[in-house]
Amino acid sequence: MKLYCLSSDASKPCFVLSFKELLIMLDCGLSAHSVLNFLPLPPVPSTRLASLPNYTPPHVNDPLLEGELKECCGRVFVDSIPEFCPPLDKVVDFSQLDVILISNYTCMMALPFITEDTGFKGQVYATEPTLQIGRFYLEELAEWVSGAGGGTGAAARRWKELLHVLPQPLSLAARPRSWRRLFAPAAVARSLARVRVVGYDEKVDIYGALDATAVSSGFCLGSANWVLRSAREKVAYVSGSSTLTTHPRPINQAALRGADLLILAALTQTPAHNPDHMLGDLCVHAAVTLRAGGCVLCPVYPSGVLYDLLECLSAHLDTAGLQHVPMYVVSPVADSSLAYSNILAEWVSVGKQARVYLPEEPFPHAALARAGRLRHARHLHDDAFSAEFRQPCVVFCGHPSLRFGAAVHLVELWANNPAHAIIFTEPDFPHTEALAPFQPLSMKAFHCPIDTSLNYSQANKLVRELRPRELALPDQYAPPPPHHHQAPRSVPLPHRHVAQLLAGQQAGARAAAARAGAARPVPTVVVRRGAARACGPRRRTARGSLGAALAAHAQAAARTLPAAPAADAQALRLAPLQAALSLRDNRLELLPAPPPPADPAAPPQPGGSGTGALPRLHWGALDVDALVRALAREGITDARVERSAAAPAEGGGTAAADSMSCIVHLPRHDTLVHVERHATHVFCEGRADVRQALRRALAAALPHV
Amino acid sequence: MPEIKITPLGAGQDVGRSCILLSMGGKNIMLDCGMHMGYNDERRFPDFSYIVPEGPITSQIDCVIISHFHLDHCGALPYMSEMIGYTGPIYMTHPTKAIAPILLEDMRKVVVERKGESNFFTSQMIKDCIKKVTAVTLHQSVMVDNELEIKAYYAGHVLGAAMFWIRVGSQSVVYTGDYNMTPDRHLGAAWIDKCRPDLLITESTYATTIRDSKRCRERDFLKKVHECVEKGGKVLIPVFALGRAQELCILLETYWERMNLKYPVYFALGLTEKANNYYKMFITWTNQKIRKTFVQRNMFDFKHIKPFDKTYIDNPGAMVVFATPGMLHAGLSLNIFKKWAPYEQNMVIMPGFCVQGTVGHKILNGAKKVEFENRQVVEVKMAVEYMSFSAHADAKGIMQLIQYCEPKNVLLVHGEAQKMEFLKDKIEKEFKINCYMPANGETSVINTPTKLPVDVSLRLLKAEAVRYNALPPDPKRRRVVNGILCVKDNRLSLLDIDEVCDEIGINRHVIRFTSTVRFDDPGPAVKTAEKLKALLSEKLEGWTITISDGNISVESVLIKVEGDENTKSIYVSWTNQDEDLGSYILGLLQSMVQSS
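Protein chains in written order, with the numbering used here: chain A, 1 to 705; chain B, 1 to 596.
For the record, the hints were derived by calculation from the structure and aren't laboratory data.
Careful, some of the hints might be misleading.
As the list claims (entries may be wrong) - What follows is a list of derived Cβ distance ranges for each label pair:
#1 B/Met259 <-> A/Leu244: 22 to 30 Å
#2 B/Gly55 <-> A/Pro521: 51 to 59 Å
#3 A/Arg467 <-> B/Thr122: 28 to 36 Å
#4 A/Thr637 <-> B/Met592: 52 to 60 Å
#5 A/Pro250 <-> B/Asn315: 21 to 29 Å
#6 B/Asp193 <-> A/Lys90: 35 to 43 Å
#7 A/Glu360 <-> B/Phe372: 55 to 63 Å
#8 A/Gly293 <-> B/Asn277: 39 to 47 Å
#9 A/Leu413 <-> B/Asn277: 24 to 32 Å
#10 B/Ser591 <-> A/Thr637: 55 to 63 Å
#11 B/Asp564 <-> A/Arg640: 26 to 34 Å
#12 B/Lys224 <-> A/Pro250: 34 to 42 Å
Said to hold, decoys possible - Selected chain B positions facing chain A (Cβ under 7 Å, derived; list incomplete):
#13 His139
#14 Ser444
#15 Asn447
#16 Thr450
#17 Leu452
#18 Lys476
#19 Arg479
Stated by the list, open to error - In silico DSS-like cross-links for lysine-lysine, where the CA-CA straight-line distance does not exceed 30 Å:
#20 B/Lys27 <-> A/Lys203
#21 A/Lys121 <-> B/Lys194
#22 B/Lys274 <-> A/Lys203
Virtual Cβ for every residue (Gly too), placed ideally from N, Cα, C.
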């Protein structure tokens, strides 16, 4: 078993696991951090952005660089279509992938990069909400980027050659030459058409070699952890899990327990922020701003936490006496996302599910929409929407990076008014960087990241409870090099380096081991982007099935081994078995062996059938007296036994030692039997029937099957 | 030989009161728990005393599985769980769990409040019963206990209808419930993968029918309704609240829209309206088209169809009314029927199957007068039409399903004996598999082959693969593996000799035989050896023969040539294991010596 890591962003993971001769991709996250280096794409032309001064690095005169870089408040941005950082493509040949398993819709954005124009021929599996909401995300992204005049004009490329002369943070960009522009909508459609929909706890047969099961991970609608199981091995892939109670189905921990290998990814990106407190803060900030006559902008994705925000914020505004304030969701997929969330009864928490039985919609936003408090629009400039747009209001729209989408226009519009506020809830982008091209900014900015995925102590607790035999982590979660490790553990968690996960985990395991009086810390494998590590159990056997006829046949020939030194000798039985092998669809079946070739004079076949090919296992020491008696029964009566002189000294004079080394001489048959402790050598110059008689006699004198 | 036993308590050579007992691998499973609509006495419920004459029933049944919300499949469930006292697990899909209690309550009201029966389950009992239900989703594999696994497949028949695959150990059964193999206006077609169960228990309502195309039936239906209302007649369509009602509503709605008709269409208020809400919530269970368009327009928001009020019964002029229940055995549909039946211009369209004993069944058989309990006699002058809109698979559909899942045996339930007989013949002829059709209370026993799981050593398999791949390809060549079967703690493994020794810690004793052949062959020993190798290569096709330092080896057989210029001694040595090969080579060399 081997694990490859292709993603640089642990919260947008992409692994490839080779297991039972299959290449299985686990998630295909698209890191969008790279877009922060680009200038925003306003949906309507912005004079401010257009009039930003060009930037030229000092002492460099490169005409090709002309117009590629712009400066805003001391920061340099690339003036081009934003580019994304897809998973590494040179480590694993995508055309060789057998399966892609997707855990949730935030971790599938790179799917078109993997499946389209790469020769990919495998299967993609995801739950139904993952597919649908993932489609919304991808469509929204494609529309925001191409709708803002994207796709036209050549991409800026020259700056990638001159990284060393550029100022930070641009100069720190990781391998910008591998960044790619967003795929065409047709590629998105083709790619999503490959996805096969699975339900929670559905066993998906992967080419007969193993079962893959998606189990609820509690993070978002349809989010799943994957359990891969063969007859003997179990691998659990835990990505984007949450133990908090929000709208989705709670995490199913039982299914993950006792895995041979646990792969852990996509933990929280904001470990220092408690999502509950952040939600409370958000409501307070919003209410204060609205009461003062300002508008609130929340740059969000079109699904996920948005549903919780709508529910909590509307309730909070009700109690704050602000029920007249309208809420707007602006996204090309707003209508679909809101409508779709209300038909996913089987994927929501028990509380929400109970509402469906009444029958009422599981989420309150349908009721808010009916009451006219919540409106949605595809674009800001839709006529119907512009006509009814009132301020103050709360607007939810994309994109959280503030590089494209309706949010860009609203920030431009409201930036100069300190009454308005922008509240960041999505954890994917640092808010100061997101706002950098809009500086100087007068509107208030609040940072209330809501990331419900596991934090480090929750992750440590989970690992302790799941008791895997081995743990695999991306290197972001691994402890820092040893010299850093000296720091006392009471220091509060550093917010970016997750380090303590492993350390804490091992400490926890030690504590648990002390309590349980067993177990040791879980062995851990750390994978870096672009690296591969061997992990998991080593396979020695393959599971097959044995038909009744064959089993009965073997039963007849079976021999119990009471004398064997194994502790449970009673339960141990051996039988030689010859079987025809049927290997179909990776399923192994043992069938009755074909009859031996009819012609006895024909040369034997390699691996052939017939009694001659049956394996014979002899063990223990030869009982020489029994051999002599058996030979006598075969009519060979002239056996003479010559004991070797050296034998007693070595064996300590026991009965076993007597027969340890000797020579049995059959003078009339020109045959010598040389007996040693673990071997017998017959020098037989006589006829074939003498040898057959000897074989029978030896069988009688040696335990065997 | 392990066996599977099936005993129908209902639906054995009969329609209605589906309840089938399945036992395999030491587990007892009840498939559906329905009631019979045609009876008003104890015959309406399955005979639970068959399971245990007295005492608790829970210990005898490992789980109850309900396929869909029709009362002939779930009607007796509150009786079993609340009055008989079954406390074990009950499984059904989410929509079934949502809708079944409503239908149960509706039926309870008819039985208790209209017919005045006591000793029937109460509203509270229905609620308590549904609380005990575990809802499952499609394709989810549910472990009832360590050995019993169930999985639901889409069945199409009504919203939330499911087929269930049930496995204990290596034995598996598929129970279809009611299903439909052709998609209709609001549901998709039943689907199952090639799960190759040991037994398929299928419904056979339309065992002998091959229905004409759906489109023709729809056109007929619309034509008849249109003609009737054009002449000023009233059309009564008795339906069950959920299922056909929605399909027919969609049909009429689109037709009214297209033809721009203004005649009022009514829905009996209450159940059906609420039911439409369920369809909106569980839209993921409807067909592809509805799912795709629901964001723009929810198919279950009807524009032309309005709620019905009892006072409308006597309204003059044309109208179309959907009213429950579907078999005209009680309730609003029967009231309307009584009022409208004596007039020729009116029409009643029965869109589904009617069980014996109901008014629906009587008028479909041409009764011109219907007598009621209170001696009231109603003359039937209105037109009576039957349109098969029941979403059951027809003979073609049943055969199709058998083809899909490739069962080893088939068992027919939920149909009439004569028709089953016909289908049974057809299945046995066409698929060459056994087909059973037990009557109620009769047990069918089906034997299944044993298959034991065995762990085969990879070393053994790899060695075999190397040997096999070295040979010229021959699709007919059987692959053979030779090993030692090891039974330890009831686990089977097939290992090679060295692995067995390691595994159980014994010391192997190797036996080797050596014989000598004298051969007069002038020249150096190496020359002789090469000559021998050429001979062996010719005779031993497929074996790997190597030669080094004048020693030839084939598997464990070693051949060594020694001697002076003229006479050579050829030593042939082999282990007991390779006796066949060794003695063959020895024989070969001996005959070579003699012939030279």
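Each hint, compared with the structure:
Between B/Met259 and A/Leu244 the beta carbons are some 54 Å apart, a value that contradicts the proposed interval 22 to 30 Å. Distance hint check for B/Gly55 and A/Pro521: the Cβ-Cβ separation is about 53 Å, which falls inside the suggested range of 51 to 59 Å. Remark: the range hint 28 to 36 Å for A/Arg467 to B/Thr122 is contradicted by a beta-carbon distance near 48 Å. Take A/Thr637 and B/Met592: their Cβ atoms lie about 34 Å apart, and the range 52 to 60 Å is violated.
In this structure, A/Pro250 and B/Asn315 break the distance hint of 21 to 29 Å, their C-beta atoms being roughly 53 Å apart. At about 37 Å, the CB distance of B/Asp193 to A/Lys90 agrees with the hint of 35 to 43 Å. For the pair A/Glu360 and B/Phe372, the supplied restraint of 55 to 63 Å is violated, since their beta-carbon distance comes to about 40 Å. Taking the beta carbon of each, A/Gly293 and B/Asn277 are about 40 Å apart, inside 39 to 47 Å as hinted.
A hinted range of 24 to 32 Å for the beta carbons of A/Leu413 and B/Asn277 is inconsistent with their spacing of about 41 Å. Under the hint 55 to 63 Å, the C-beta atoms of B/Ser591 and A/Thr637, about 31 Å apart, miss the expected range. Taking the beta carbon of each, B/Asp564 and A/Arg640 are about 32 Å apart, inside 26 to 34 Å as hinted. Roughly 52 Å separates the CB atoms of B/Lys224 and A/Pro250, a value that falls outside the hinted 34 to 42 Å.
For B/His139, the suggested interface contact is upheld, since its CB lies about 4 Å from the closest CB of chain A, less than 7 Å. With a cut of 7 Å, the hint placing B/Ser444 at the interface with chain A is violated, because the nearest CB-to-CB distance is about 22 Å. Annotation: B/Asn447 was flagged as interfacial toward chain A, and the flag is violated, the nearest CB pair being 11 Å apart, outside 7 Å. The closest approach between the C-beta of B/Thr450 and any C-beta of chain A is roughly 4 Å, which is under the 7 Å cut-off, so the hint is satisfied.
A distance limit of 7 Å between C-beta atoms decides the matter here; for B/Leu452 the minimum to chain A is near 4 Å, and the interface restraint holds. Interface hint status for B/Lys476: violated, as the beta-carbon distance to the closest one in chain A is roughly 10 Å, over 7 Å. Checking B/Arg479 against chain A: minimum C-beta separation of about 4 Å stays under 7 Å; hint holds. Only pairs whose Cα atoms come within 30 Å are accepted, and B/Lys27 paired with A/Lys203 is accepted, the gap being roughly 22 Å.
For the hint linking A/Lys121 to B/Lys194, the alpha-carbon distance of about 22 Å falls within 30 Å, and the restraint holds. With a C-alpha separation of about 35 Å, the suggested pair B/Lys274 and A/Lys203 falls outside the 30 Å cut-off, and the hint is violated.
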